[in-house]
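Residue numbers (the working numbering), protein chains in the order written: chain H, 1 to 333; chain B, 334 to 684.
The reader is advised that the hints may include incorrect statements.
[Claimed, not checked] Computed, partial: chain H to chain B, Cβ under 8 Å:
1. ARG15
2. ASN55
3. LEU114
4. TYR126
5. PHE139
6. LEU140
7. ARG142
8. LYS150
9. GLN151
10. ILE153
11. SER154
12. LEU272
13. TRP305
14. LEU321
15. ARG323
[To be verified] Heads up, simulated SDA-like pairs for lysine to any residue below, C-alpha to C-alpha not over 20 Å straight-line:
16. H:LYS150 with B:PHE626
17. H:LYS127 with B:ILE644
18. H:LYS150 with B:ILE625
19. B:LYS622 with H:VAL147
20. H:LYS127 with B:ALA634
21. H:LYS127 with B:PRO600
22. H:LYS127 with B:PRO631
23. H:LYS127 with B:LEU588
24. H:LYS150 with B:PHE638
25. H:LYS127 with B:ARG424
26. H:LYS150 with B:PRO631
27. H:LYS127 with B:ARG656
28. H:LYS127 with B:GLY536
29. H:LYS127 with B:ILE625
30. H:LYS293 with H:LEU32
31. H:LYS127 with B:HIS341
32. H:LYS150 with B:ASN635
33. H:LYS127 with B:LYS622
34. H:LYS150 with B:ASP653
35. H:LYS293 with B:GLY484
Honestly, the hints are just simulated from the structure, not real lab data.
Quantities reported herein were computed from a predicted structural model and do not represent experimental measurements.
Just so it is clear, CB atoms sit at the ideal spot from N, CA and C, and this is done for glycine as well.
Listed here are the chains, written in short residue letters.
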Amino acid sequence: MTTLSASPAVSAAGRLLRDRRLPVVVTLALFLVMYAWGGYRYSFDAQVAPNLLVNNCYLVVAAVGATFVILTGGIDLSIGSVIGFSGMLLAQLVVVEHVPLAVASLIVLFVGTLGGALMGCMIHFYKVQPFIATLTGLFLFRGLSLVLSKQAISINEPTVSNLAQYHIPLGGDVFLSVGAAVALLTVLVAVVVLHFSRFGRRVYAVGGSEQSALLMGLPVARTKITVYAVSGFCSALAGLVFVLYIQSGDPLHGVGMELDAIAAVVIGGTLLTGGTGYVLGSLLGVLVLGLIKTIISDEGTLSSWWIKIFTGVLLLLFILLQRVIGARGSARS
Amino acid sequence: MSRVVRHHLFWPAAILIALLLFNLPFTPNFFAIHVRNGHLYGSLVSILIFGTPLILVALGMTLVIATGGIDLSVGAVMAIAGALACWYISRQPDQNSVGAVLIAVALALAACVLLGLWNGFLVARIGVQPIIATLVLMVAGRGIAQLITGGFIITVLSKPYATIGGYAFTAPTGVFIVTLAVVAMLALTRRTALGLLVESVGGNSEASRLAGVRARRIKIMVYIFCALLAGIAGLMNSSNLSDADANHAGLWIELDAILAVVIGGTPLTGGRFSIGGSVLGALILQTLKTTIFTIGIPSQANMVFEAAVVIIVCLIQSPDFRRRLMAPFRSAPPPPAPAAVSTQEPVEVSS
Numbered sequence: 001m002t003t004l005s006a007s008p009a010v011s012a013a014g015r016l017l018r019d020r021r022l023p024v025v026v027t028l029a030l031f032l033v034m035y036a037w038g039g040y041r042y043s044f045d046a047q048v049a050p051n052l053l054v055n056n057c058y059l060v061v062a063a064v065g066a067t068f069v070i071l072t073g074g075i076d077l078s079i080g081s082v083i084g085f086s087g088m089l090l091a092q093l094v095v096v097e098h099v100p101l102a103v104a105s106l107i108v109l110f111v112g113t114l115g116g117a118l119m120g121c122m123i124h125f126y127k128v129q130p131f132i133a134t135l136t137g138l139f140l141f142r143g144l145s146l147v148l149s150k151q152a153i154s155i156n157e158p159t160v161s162n163l164a165q166y167h168i169p170l171g172g173d174v175f176l177s178v179g180a181a182v183a184l185l186t187v188l189v190a191v192v193v194l195h196f197s198r199f200g201r202r203v204y205a206v207g208g209s210e211q212s213a214l215l216m217g218l219p220v221a222r223t224k225i226t227v228y229a230v231s232g233f234c235s236a237l238a239g240l241v242f243v244l245y246i247q248s249g250d251p252l253h254g255v256g257m258e259l260d261a262i263a264a265v266v267i268g269g270t271l272l273t274g275g276t277g278y279v280l281g282s283l284l285g286v287l288v289l290g291l292i293k294t295i296i297s298d299e300g301t302l303s304s305w306w307i308k309i310f311t312g313v314l315l316l317l318f319i320l321l322q323r324v325i326g327a328r329g330s331a332r333s
Numbered sequence: 334m335s336r337v338v339r340h341h342l343f344w345p346a347a348i349l350i351a352l353l354l355f356n357l358p359f360t361p362n363f364f365a366i367h368v369r370n371g372h373l374y375g376s377l378v379s380i381l382i383f384g385t386p387l388i389l390v391a392l393g394m395t396l397v398i399a400t401g402g403i404d405l406s407v408g409a410v411m412a413i414a415g416a417l418a419c420w421y422i423s424r425q426p427d428q429n430s431v432g433a434v435l436i437a438v439a440l441a442l443a444a445c446v447l448l449g450l451w452n453g454f455l456v457a458r459i460g461v462q463p464i465i466a467t468l469v470l471m472v473a474g475r476g477i478a479q480l481i482t483g484g485f486i487i488t489v490l491s492k493p494y495a496t497i498g499g500y501a502f503t504a505p506t507g508v509f510i511v512t513l514a515v516v517a518m519l520a521l522t523r524r525t526a527l528g529l530l531v532e533s534v535g536g537n538s539e540a541s542r543l544a545g546v547r548a549r550r551i552k553i554m555v556y557i558f559c560a561l562l563a564g565i566a567g568l569m570n571s572s573n574l575s576d577a578d579a580n581h582a583g584l585w586i587e588l589d590a591i592l593a594v595v596i597g598g599t600p601l602t603g604g605r606f607s608i609g610g611s612v613l614g615a616l617i618l619q620t621l622k623t624t625i626f627t628i629g630i631p632s633q634a635n636m637v638f639e640a641a642v643v644i645i646v647c648l649i650q651s652p653d654f655r656r657r658l659m660a661p662f663r664s665a666p667p668p669p670a671p672a673a674v675s676t677q678e679p680v681e682v683s684s
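Same shape as in the complex, but just chain H (with noise of 0.2 Å):
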């Protein structure tokens, strides 16, 4: 597409900023900026980057699932609610149903893809607006997770403290966690499916236009209610994670999540409006978000909530500069 509107007497920096991946590359710049700023100014050991993703392996789970849905220009706001109950269903099932971890984890896979997969439906067959019909999950699930215990729910299962203990290592002291691997391997199935496979493309097709999609023959009906169920899936997937990460399933864990995960996604450079962007960009942003906490914890003097007012100045800078890439989106149109 862009090549065939790129005339040759367009400039270079023209073709640069008509670029789609420009966006993922001034992230990946800004992460290397401000990493090597922090890694000047604290003077960071090597664990650090890798504890980057161990920190934040859900996230990353969690924001690739949005990253589906926001390529087909809908949102999910039910992440942070799907992750608070799958924790606490696999904390019920195996702490007091006695169920087997594995089969527990499935179970919990199945629902989470299950909750998607019907609130895809809601959306596409009843026409019910993608904000309203995944807020009625947020309410839902956090609700379900409520009634299932009201108190946290700590799981003392041997596998569990085994799993989550354990360090893959990486050479030298430094180690990954088996979340962070998890997340890795999130990315790259999402990365290949996304790039490499038919419904990948049908991703980007919907949300590049759903009519044209539509009228090419696609299934549009199929891809819409496949990405929420991929969304659930995700979900529930951060939620078995953060287990791992708290070894413990609480009513209240995840709450606001879902921000977290579209702030992280836009900040890798997805549009909004669907049709554009990629994975990686969201790995990133969760990188670059979960720098931000790091680098703030570090100063020691500046209060939590610099981290808030922090990552909406990023957001915002992101944005403008989105503005700047998109207007060419807005002079073809």
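Please arrange chain B on chain H, whose structure you already have, making use of the hints.
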């Protein structure tokens, strides 16, 4: 009859009445209103008292949504308004001074106008998607409110300030404020061309700009108006509790407000709005919350019940759902569905 059913306020009003009547078997004196200590008391009055901040926020949200936008920052704006007012009052030697309270209120509302201007500037001038533009303030705004309160809950002991969220002339002050807001909005939008302009901007911003409507100015105005109403709601909330809690004031009210607007029949796509519908929508949500308490549903099941009712309400409002539900009872063939509604998947074309 069919004209009544087809009126845009029919479904919201029917749902509200059904919810209110549903309470009657559980609390026989649900509709009773009596005067105690010169104040009105009763279940209906408490629905109004607790519902007024939500109604105000929903009213502002209605206009924003009518222009095709959305404002996620209203909760943060509420927190900032309460924090600023309480911060100013708590620094005065005499907290009961009416002048100081008026200055505090003016200060808070002026800040809200600025915040609204900021949202409007991002949306109308820079051209950022509304959901993202206001997400910035939603995330950063709570940080700013915590910055003002220094991370503490500021408590104030001020009689004039407490009036805002309390009682005036035996009725809740909020009722007067909401009535004033509704009358002003109806007068401005339905008696002048302003409402039409707002709807035209929401219907097609570019087309209305080409037709000579100052689309940008209209958009900035609705965001300022929304933030202003959110600020008033924040003052009422903080005055009712006599404190400013930057973390919890107005938390998630944006979701309730958007839900209220949608239940009231204003589509999120913009181009159409119903002020009466939004008031009804907010009252439905508040009545639902009160109902959950009065009929004795265990508190942990609150949200499940709320979600279930909201899902049912959304589905009833969906024309596609109603058509499918009524299909077996209808003798005449249903009207042909538009092409885009087709639910049958087309034959897959191999790529």
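Hints versus structure:
With a cut of 8 Å, the hint placing H:ARG15 at the interface with chain B is violated, because the nearest CB-to-CB distance is about 23 Å. A least Cβ separation of about 19 Å between H:ASN55 and chain B goes past the 8 Å threshold, and the interface hint is therefore violated. Annotation: interface hint on H:LEU114 violated; nearest CB of chain B at approximately 15 Å, more than 8 Å. Restraint check, H:TYR126 versus chain B: the minimum CB separation of about 4 Å is within 8 Å; hint holds.
A cut of 8 Å between beta carbons decides the hint on H:PHE139: the least distance to chain B is about 4 Å, and the hint holds. Interface hint at H:LEU140: satisfied, since its Cβ lies 4 Å from the closest Cβ of chain B, which is below the 8 Å cut-off. With a cut of 8 Å, the hint placing H:ARG142 at the interface with chain B holds, because the nearest CB-to-CB distance is about 5 Å. Interface restraint check: H:LYS150 against chain B, minimum CB-CB distance 5 Å, threshold 8 Å, status holds.
Taken as an interface hint, H:GLN151 does not check out: its beta carbon lies about 10 Å from the nearest beta carbon of chain B, beyond 8 Å. Hint status for H:ILE153: violated, given a least beta-carbon distance of 14 Å to chain B, over 8 Å. Because the smallest distance between the Cβ of H:SER154 and any Cβ of chain B comes to about 19 Å, over 8 Å, the interface hint for this residue is violated. Given the 8 Å rule on beta carbons, the hint for H:LEU272 holds: about 5 Å separates it from the nearest Cβ of chain B.
For H:TRP305, the shortest C-beta to C-beta distance to chain B is roughly 4 Å, which falls under 8 Å, so the interface hint holds. Contact between H:LEU321 and chain B, as hinted, is not supported at the beta carbon level, the nearest pair being about 11 Å apart and thus beyond 8 Å. Hint status for H:ARG323: holds, given a least beta-carbon distance of 6 Å to chain B, under 8 Å. At most 20 Å may separate the alpha-carbon atoms for a hinted pair to count; H:LYS150 and B:PHE626 meet this at roughly 17 Å.
Of the supplied pair hints, the one linking H:LYS127 and B:ILE644 holds, its CA atoms being roughly 13 Å apart against a limit of 20 Å. This hinted pair checks out: H:LYS150 and B:ILE625 have alpha carbons roughly 17 Å apart, not beyond 20 Å. The hinted pair formed by B:LYS622 and H:VAL147 meets the criterion: a straight-line CA distance of about 17 Å does not exceed 20 Å. Distance restraint check for H:LYS127 and B:ALA634: the Cα-Cα separation of roughly 28 Å exceeds the 20 Å cut-off, and the hinted pair is therefore not satisfied.
Distance restraint check for H:LYS127 and B:PRO600: the Cα-Cα separation of roughly 11 Å lies within the 20 Å cut-off, and the hinted pair is therefore satisfied. The suggested pairing of H:LYS127 with B:PRO631 is violated, with an alpha-carbon distance near 33 Å, which exceeds 20 Å. Proximity of H:LYS127 to B:LEU588 is assessed by CA-CA distance (about 19 Å); at most 20 Å being required, the pair is judged to hold. For a cut-off of 20 Å, the pair hint linking H:LYS150 to B:PHE638 stands: about 16 Å separates their Cα positions.
Annotation: proposed proximity of H:LYS127 to B:ARG424 is violated, straight-line Cα distance about 52 Å (limit 20 Å). The hinted pair formed by H:LYS150 and B:PRO631 meets the criterion: a straight-line CA distance of about 11 Å does not exceed 20 Å. Distance restraint check for H:LYS127 and B:ARG656: the Cα-Cα separation of roughly 13 Å lies within the 20 Å cut-off, and the hinted pair is therefore satisfied. At roughly 18 Å between alpha-carbon atoms, H:LYS127 and B:GLY536 fall within 20 Å of each other, so this suggested pair holds.
A threshold of 20 Å between alpha carbons decides the hint, and for H:LYS127 with B:ILE625 the separation of about 28 Å lies outside it, so the pair is violated. A threshold of 20 Å between alpha carbons decides the hint, and for H:LYS293 with H:LEU32 the separation of about 15 Å falls inside it, so the pair holds. Using a Cα cut-off of 20 Å, the hinted pair H:LYS127 and B:HIS341 holds, with the two alpha carbons roughly 18 Å apart. Simply put, H:LYS150 and B:ASN635 have alpha-carbon atoms about 12 Å apart, close enough for the 20 Å limit, and the pair holds.
Using a Cα cut-off of 20 Å, the hinted pair H:LYS127 and B:LYS622 is violated, with the two alpha carbons roughly 26 Å apart. With a C-alpha separation of about 38 Å, the suggested pair H:LYS150 and B:ASP653 falls outside the 20 Å cut-off, and the hint is violated. For the given pair, H:LYS293 sits about 18 Å from B:GLY484 by alpha-carbon distance, which is consistent with the 20 Å threshold.
Comparing the model with each earlier hint shows violations of hints 1, 2, 3, 9, 10, 11, 14, 20, 22, 25, 29, 33, 34; every other hint is respected.
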